[in-house]
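J.: We have chain S; now place chain B onto it with these hints.
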Amino acid sequence: MLECKTSKEIGGMGHSRKRKEDARFIQGKGNYVDDVKLPGMVYMDIVRSPYAYAKIKKIDASKALAIPGVLAVVTGKDLEQYNLHWMPTLMSDTQMVLPTDTVMYQSQEVAAVIATEKYIARDGRDAVIVEYEPMTPLMDPFKSLDPNAPILRPDKPGKEDNHIWHWEVGDKEKTEEVFNNAEVVVTQQMHIPRIHVSSIETCGCVASYNKVDNHLTMYMTTQAPHAIRTVIALVAGHVGLTEEKVRVISPDIGGGFGGKVPVYPGYVIAIAVSFLTGLPVKWIEDRSENLQADSFARDYHITAEMAGNKDGQILATRFKVLADHGYTDASANPSKFPTGLFSIGTGSYNYHTAYMEADAVYTNKPPGGVAYRCSFRVTEAVHAIERITDIFARQIGRDPADLRMQNFIKKEEFPWASPTGWSYDSGDYHAGLQKAMDAIGYHALRKEQEELRKQGKWMGIGISTFTEVVGAGPSKDFDILGIKMFDSAEIRVHPTGKAIARFGTKSQGQGHETTYAQIVAEELGIPMDHVQIEEGDTDTAPYGLGTYASRSTPTAGAAAAMAARKLRDKAKQIAAYLLEVSEEDLEWEPGKFFVKGAPDKAKTIQEIVFAAYTNHPPGMEAGFEATHYYDPPNLTFPSGAYICVVDIDPDTCHIKVRRFVAIDDCGNIINPMIVQGQVHGGLTQGLAPAMYEELIYDDAGNILNGTFMDYLVPTAVESPSWETGHTITPSPHHPIGAKGVGESPTVGAPPAIVNAIVDAVSHLGIKHLEIPVTPYKLFKELKAVGHFS
Amino acid sequence: MNTTIEKQFDIEQPIDKVWSALADPAYIVTCVPGASLTEKVDDRNFKGEVVAKFGPIKATYYGDIEIKELDEAAHRMVLSGKGLDSKGKGSADMIMNGDLSESDGVTHVKFSMNIAIVGMLAQFGSRLINDVSDQLLNQFVENFKAKLAGEEVANDLSAGSMLGTMAKSIFRKKN
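Protein chains in written order, with my numbering: chain S, 1 to 789; chain B, 790 to 964.
Isolated chain S (complex conformation) (with noise of 0.2 Å):
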């Protein structure tokens, strides 16, 4: 139970109150892009290439031409009349909307079919008949940069191999020479395969372009609506579409964790035969396209070193890093951060020396990547420090949890100084550790194991102590495009003392409208249920960067506790004239000011707000309304400790989360209901890439597992019970003290589970297992070091 400073009727910070967004979402009554009808409608639907690299030598639409209700087949030769049949990506690369000679990956889109029904439009798109010469593709991300392999990227002037960019962040020779001289180093490759996000809505929208007043109305799923606005005016400004005549409305949606951030080549499609045709265009798409053809997320080859000494001190580490990003650079990072904010792997430990380099690949392989409920590349670098971690505890025999005690940065050491450039605001990682060691055992588990061993039975413990980097961020250094990443909070009470918050970011199932409610009311004494929070319509919301990333509680709600901030102030004006007594002899409880010393003489803030309509004091601006646009002074960083227990079949492999106890600290928590809501979906996601989820590609460039049949998203089967807890260090930068919480589970829950996996079987001699860590693979690493013979 968390000390609230409010009461429950108030509903302020630390109060577990429920979800206001559930009461439509339970009974059907989401308002989705799907849902949306306007008159004329017409719809839309995508033909693919089932090459990954091939010429298009021709496209024959005749026959779905015949086909009554196809109104028009869109091909890239179409959109190249206007220009935009090419357009940048996030990451100021290019990418493709339709293809006019050559297509780059399986499933990219090579035509659109409109119709006046969404089934037409289907058999319309199968009644396209496309003739190709296929091409041998480029799959191998480590073959991208042999001197035969193909150019994928004759488009760009003087482009002469697939090398995208390099990075290096870190001192080169100073950890050279750490590593030379050290006691131990250990070093592992691991691969962090490609994933999806399978958010459970697909991605979709329904442009709808005015002919009479040259306006257009943008329904989609996106989680950054006013980014999206600014690019379509950025795209298609030179046509008409200039800022103030596009409006893009973000709805409901039914889950974003990253995939809803790029701007999918079916968008830019609709909103170009919208403008053309003048009527709505709706464009939904189907899950295997979705699988198949959207965002993929990670596919990061990592050399991990540790260098250390005998004694268990960490004295530096060194990553090297293969990215493959398929045929485009089409992720979503600020635009400084090419690997985004990989750098935060030096971890939860205190040394001073690190080196990280990356080189970036084009494959014939969909574009991306996305961060996937990951605050850019986080995941990847977590996995990579709490694995390297647990090998050189290995190597020198020694616990994985004493080690990571012995190493932790103290409480008392914050802000902490990382040798890659970061200032880590605060944390108590001991404390998370033994929260998480208390809560499972961890001794007696220990003990446990060795019994079972002479036994012949596999049992496995593995922690992972996460420290992440969220809540985009500073201005000085974080741009999306070049547009800052502050976000924004506009509050309006009306007179009778309800209000109305608007916000720049946008929820896709993180629960804002209850979260956002409760920072209000938490800093106005308004009820939380008093206070409507509105996301997602760019021709009202302020303007801001959307959610992703962990963002929103970092930024856009500092942006609301400083918007609430400067309406007390102006409310304590108007109490202390209603009071006719001075601002200094004023004191506030949550919801009213009172005379100090005479607390029957008091105004409620209903009574103050009242006033600012109807007596508000002379020379005072009427009304009550505050606006703040929040540019955060650093990120925020949050941590965990998890452990996870598993048993293994000795004879079929079969892999048994037995516990999962994660310890997370998001600093101050704003409603602790919610926080564990996140928590169990993102420790879902996160058991998914570590046991089950990888897409798998063949040397054709077929993708293999391209449905659920075999892309195994986990379900409520495969999930283990779940057990949370919190520390709380609050983040001394923070207007509420609050870090963000969405994706901490996603990123620290793989490295548990897999470090548990091969705690089980390495008294047999296994060192390291790759994501995901299947019976199959371990049967396979087990014959290797002679099991099984």
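Subject to a maximum C-alpha distance of 30 Å in a straight line, what follows is the list of computed DSS-like cross-link-like pairs (lysine-lysine):
1. S:Lys-58 <-> B:Lys-836
2. B:Lys-829 <-> B:Lys-936
3. S:Lys-58 <-> B:Lys-871
4. S:Lys-601 <-> S:Lys-498
5. S:Lys-57 <-> B:Lys-829
6. S:Lys-156 <-> S:Lys-320
7. B:Lys-842 <-> S:Lys-57
8. S:Lys-57 <-> B:Lys-876
9. S:Lys-118 <-> B:Lys-876
10. B:Lys-876 <-> S:Lys-77
11. B:Lys-871 <-> S:Lys-143
12. S:Lys-58 <-> B:Lys-847
13. S:Lys-159 <-> S:Lys-55
14. S:Lys-55 <-> B:Lys-842
15. B:Lys-876 <-> S:Lys-55
16. B:Lys-857 <-> S:Lys-55
Pulled a few chain S residues facing chain B out of the computed Cβ check, cut under 8 Å:
17. Gln-106
18. Ile-129
19. Val-130
20. Tyr-132
21. Gln-292
22. Asp-698
23. Asn-702
24. Ile-703
25. Leu-704
26. Thr-707
27. Met-709
28. Asp-710
Covered stretches of chain B (chain S as the covering partner; in silico rule of three or more C-beta atoms under 8 Å from a C-beta of chain S):
29. 875–887
30. 902–914
Simulated from the structure, these hints should not be mistaken for laboratory data. A quick note: this is a predicted structure, and the numbers were derived from the prediction, not measured. Where a beta carbon is used, it is the ideal one built from N, C-alpha and C, also for glycine.
T.: Positioned in the frame of chain S, the structure of chain B alone reads:
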């Protein structure tokens, strides 16, 4: 994606009769479910068509068939087929090796097929390709034996029976 299927069967017919039947694409094609020959280019090259149905995915392939090797003395043949999906949804290439031998008046037929699939069939049906190809080959063997024995053989693609046999095989233990 690549898949290799190997089959062996015995047929109570003289080896030369089996050989001349197997070496004649026009004869074989009448035994492959869903297949037909459309043109004979020369003795070694033919054009044909195959309708394949794998679960929910149905595709028609137009292709070139070539007899690459025909060794009558050793009773060995190598056949290749390269097919493009009629709607541009992918391709399927096949190499088949066939060997005959004889003992006690029974001809033993051994053949292996390597199939490479690109496109829709692989994207949606990769899990099914092995099983369905296996079923297709079993059907072929039945048809071939029957035809050699002088019976009438219908090789239209009966989707229902294909799916049924396939479904049964998934639940039956594999040997």
